[in-house]
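Kindly generate the complete structure, drawing on both the sequences and the hints.
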Amino acid sequence: MIFLKRQLPLIITFVMGVAFTLQYYIPHPISEEAITNVSKWMQIISGFALFLGLASLFHVHAVKIKRQVPGWGYSLVLYAGMLGTIAVGFWSHGETRVAGAQTSFGWLYDYTMVPLQGTMFSILAFFIASAAYRAFRARSREASVLLASAVIVMMGRVPLGQFLVPWTWDVTQCLLNVLNSAVRRAILIGVSMGAVALSLKIILGIERSYLGGGRDQ
Amino acid sequence: MKEFARRMVGIDRRVIFLLIAGAVLLPLVKPFGLPIKVSPEVKAVYDYIEALPERSVFLLSFDFDPSSKPELEPQAVALLRHAFRKNLRVMGMTHWLTGTGLADGVFSKVAAEMEKERGKDYVFLGWSPGGGSLIIAMGQDLYKAFPSDYSKTPTPGMPVLDGVRNLRDVDYMVSLAAGSSGIEMWYVFGKDKYRFEMAGGSTGVIAPGLYPFLRSGQINGLIGGLQGAAEYETLITQKGTATAGMDAQSAAHFVIIILVLLCNVFYFMLRGEKGRPS
Amino acid sequence: MNVVAFLCLIFFSGVAFAAPPSLTPPEGFRVLDTPNDTGKSLSLVWKASPSDSKNRSVQVWASESPHAAFKKVAEFPSNTRYVKTGDFPWWAQPAGKGEHYVKLSSSQAFPIEDGKSYTVKLLVREGDQEAWSEIAEGRPAPNFFNQAQVNNLVFVLAFTGVLLASIAAARRNPHIYLRRIAGLDAVEEAIGRSTEMGRPILYLTGAGDMSEVPTIAATVILGEVAKKVAHYDTTLKVPHRDPIVMAVCQEIVKEAYVEAGRPDAYKEDSNFFITSDQFSYTAAVDGIMLREKPAANFFMGSYFAESLLLTETGASTGAIQIAGTDSDHQLPFFVTTCDYTLIGEELYAASAYLSREPVLVGTLRGQDFGKAFIMSVLVLGTALATIGVVAGTENFNYVLDLFKDFK
Amino acid sequence: MPELTTATILGAWVAAGLTLFIYSFLYKDNPLFKLGEHLYVGISVGYSVVLVWHTVFLRLLWEPLRKSVSEAPALLESYILLIPAILGVLMLVRFIPRIAWLSRIAFAFVVGFGSGVAIPRTVSALILKQIEDTVNPLITMGANGLSMGLDLASPQSGVNTIILLIGVVSVLFYFFFSVEHTGPGMVTARMGVYFVMIAFGAAFGYTVMSRMSLLIGRFSDLIKFSGAEYGYATLILLAVTVLTLIGWEALVRQKGQGV
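Protein chains in written order, with the working numbering: chain A, 1 to 217; chain B, 1 to 278; chain C, 1 to 407; chain D, 1 to 259.
Be aware that one or more of the hints could be misleading.
What the hints assert, rightly or not - Residues from chain A that face chain B, not an exhaustive set, calculated with beta carbons under 7 Å:
| id | residue |
| --- | --- |
| 1 | VAL114 |
| 2 | PHE126 |
| 3 | TYR133 |
| 4 | ARG137 |
| 5 | SER140 |
| 6 | PRO159 |
| 7 | LEU160 |
To be verified - Stretch-level coverage of chain A by chain C, calculated; a stretch enters the list once three of its residues show a Cβ under 8 Å from a Cβ in chain C:
| id | segment |
| --- | --- |
| 8 | 25-37 |
| 9 | 48-54 |
| 10 | 57-66 |
| 11 | 103-111 |
| 12 | 174-181 |
Please keep in mind that the hints were generated in silico from the structure rather than gathered at the bench. We put the CB at the ideal spot given by N, CA and C, even for glycine.
Below, the structure written as structure tokens:
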């Protein structure tokens, strides 16, 4: 029983990990087919996992409604939105468009999901301004450098800036192409070493926290 | 004075929100038309279309969905206006299912404005699945790939497609792409094989990544983001949403820059004060 | 007689001058199974010729058997398709430098099947002159190992060795120096402050799923944070975007409470699912921040455009914010809006720093060895490449090729 | 202008309303935002349920399984898709405490696959490829002999190659954890920090542009929906939103005084 609970998951991880590491070096069609199929399996497994999420969501809001905590009415709104969308979606067979014509599900997508997404996304425009106001203060030498390069790039990217201070355009290109690439590259290399190390430890069974429980027993 | 500076440093951020909203909204309602510097990569697209003879075939592919509409729709409108003005035959299509309705809307709108007729001066083929393989199919036989257009009219015998058999008969094509895959795909599966000239239009975020293609001549021009669209509008001397949008961009950037500068001024005024670091 | 000979000479040389230089067929033409591939393709190789030019074209004609009719499958100018430095690594070269190399893939017009033999010949044309090459034969097959990527495999194996060795070393001597990571010293402070203020702690694990490394790192750190939270008896709230991550985190937090000796204080719904959609999740988390006013917000894992929407709202509620992400494109926003940010690899180092476990500390040491190695490759590589240019030699490519990415 | 259908006009009202409700969050948390937020979460969950059902359960699982089983019921291979289905079900047994540990098998499968796939691809794209692009000769052989490019604007020039190299190396050094940053090490690490700050500032400034484009897009839609053909949707809804907020503020204040 201990074997099934502890060892079996580790063996599965090891076998899957080694197999799909080696898969990369094998160009044979069998290996290509294996990764295509197993990627599809992963999609199916995560499809099932949505039920875990749904159960959690239902539970959280059902508790709110049952106990009538302040704002429980909004939980009802959430249920209504969800069930309504599911009903419309199944009625339209999950298609947003049939032969070019918009279905009800398509209407729901175009006039609720799209504007809601776009609006939340566009709030970034406000937040990027308020973040700049708070953060870009020449508190220290590092902060001043941050401030200067941000202001130059902001100038160099729009016509008014290019018109008033023409050199900002060239400096912007240099900052983005050279300095920005250098830093990103270094961060990427560092991160990749960490990523490869963690993946290796998982495959070798040294890191097990993802299974819950202690790491190295 | 210090009191004022202190209040300004800790200003309610809703004031900033209001300033940004104003800076974006005002130029949109009433553009003030700052001069726009045209870059060579945008000019290249304009020049190529300008040099095409009348009734040449121009293919415009809408490879984006509504989330990239703010940047790519103005590019589409400007290109269509130019093509219609030059009396080219325009074919439209999309690789993105979710972009179909948007693309059709743009076509109908610009065509109505330029008094062009569907089926005679332009055709919108709509969406078909496949991506790269769709391009190959179009390269073999356009009518097999799209037996009918978006409004269900059969494509064979359409006056606009007279003499067009496949992609080899296309004189120029532009892919407006929200992902780099759009332009790359058109190059790899289309231009490389069927030998038509092409250019790309893209969102500002992915434009820098497309410059290598431009340098190697894989695309002959590149329209990048809202700025690119505004440059194109300048070239065809017909101001549109992009030019207004660029004014809004400039205004918003300057509001932020001025805010940052002011904030630093106030900050330095306070820093002189001992024991009160903010 | 002499005069006749002289006239003949003039006449013939005149003829010779008038005619275009005669075409020579491509030399050394051979057909191979494309190495290191999935099959269904052939590789054509032939020698470069000084008379290759833009005006001279090369056509590829292929057939399924020597007796069947040949079909034209490709055409290009004769001064293209040369093998260049860097196309292939020196240990897996199908053709020498300067030779012509063309890969013929299966297409609708000319399908190529594995295991069947194909005959191919080349036709050179210029103006109305033509010359055929010899006929060559090849049989495509899929390969079981991509030799061009052997350097990648060696790198993985060597790094595994270094990692295991440094973990073993750390187990023998666990007191290795670790530099301070500012954000992590603040974790305790943030939890303490939440306890004093009687407000919850919000912990986000990012946008990734359980197979992504930053998510795994975020869950490991969650375990350490949960232990401290259990100790202080504060409320922990972990809203999720991925149901599997949620399930794993429930296990981890439960385990942490048990380890801290407070299994009674564990609440199952401290981890809860909101939705997998990016911006509705963001709206909901922003709502939680505004309504429940957590005193500390942790953002660990991978993030996309939602980062600033989360951190700016958090900043407006006055919470202490600690972020840790390897999403390089979002780091500028975390750095400007959070009190402490673990940049890139620091996210991975965080779990080692917090727990001081020999395995994690050893890993960090192993990664440092890896980085030192890469740094020296970068510096020495640049030096070698420069010397190579100055000395006009390509011998250094035997070293430089080892650190290139080949497909 | 094409004729607007009732569905389009209704859509414009819904879209404009939801947009304004979400924007009201910029003022402060309020009932309208709460309404928009909960509706949004509900709709997005509903949307993913429909999508997962159709694309995952029907298209990836049920249809291929039915097809293969009906074609070759005797073949073991026809049932291969049952493996992910069983693993998916195992994930759900977490709800039954006695056998909850079975879900670990599914986690092991997912995480093992993810780790294995990641290793060689990370080494290829994020380590070797990055090294390859950084290692370049500082001097080029041109038509008139050896020369070093000094053009800052061209990313490939010699001087930029050096800057790139110094940047990568110093930032990498900053990420050394087991070495104390003292002496020359400290200088290098400090330089790394400056590089990081310049790059982050530039990236921040660069992003402002595309974020403003998003706002411009939303505002353009709102302006469009304020036209007569849409029944002045934006203007009316804006008035409703503002009045609701004023009313709500008054109510909250009254309650506050009452207590």
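Once the shortest beta carbon distance from A/TYR133 to chain B is found, is it less than 7 Å? 5 Å, holds
Should the hint that A/ARG137 touches chain B count as held when the rule is a Cβ pair under 7 Å? At 5 Å from the nearest chain B Cβ, A/ARG137 passes the 7 Å test, so the hint holds.
Under 8 Å between beta-carbons, do enough residues of the segment 57-66 of chain A, three at least, approach chain C for the coverage claim to hold? holds (count 4)
Please verify the coverage claim for the segment 174-181 of chain A: does it have three or more residues whose C-beta sits within 8 Å of some C-beta in chain C? The restraint on the segment 174-181 of chain A is violated, since only 0 of its residues have a Cβ under 8 Å from chain C and three are required.
Under 7 Å, Cβ to Cβ, is where A/LEU160 needs to be relative to chain B, so tell me if that hint holds or is violated. Where the cut-off is 7 Å and the nearest Cβ of chain B is about 4 Å from A/LEU160, the hint holds.
Residue count check for the segment 103-111 of chain A against chain C: does it reach three with CB-CB under 8 Å? Coverage by chain C is violated here, the residue count being 0 at a Cβ distance below 8 Å.
Under 8 Å between beta-carbons, do enough residues of the segment 25-37 of chain A, three at least, approach chain C for the coverage claim to hold? holds (count 6)
Should the interface hint for A/PRO159 be scored as holding, given a Cβ-Cβ cut-off of 7 Å against chain B? 5 Å, holds
Restraint: A/VAL114 near chain B, CB-CB cut 7 Å. Satisfied or not? 5 Å, holds
Given as covered by chain C, does the segment 48-54 of chain A meet the bar of three residues or more with CB within less than 8 Å? Per the Cβ count (6), the hint holds.
Interface hint compliance - A/PHE126 to chain B, C-beta minimum distance less than 7 Å: Holds - the Cβ of A/PHE126 comes within 7 Å of chain B, reaching about 5 Å at its closest.
May I ask you to test the interface hint for A/SER140 with respect to chain B, counting a Cβ-Cβ separation under 7 Å as satisfied? Interface hint status for A/SER140: violated (12 Å vs cutoff 7 Å).
Hints 5, 11 and 12, counting from the list given before, are not met by this structure.
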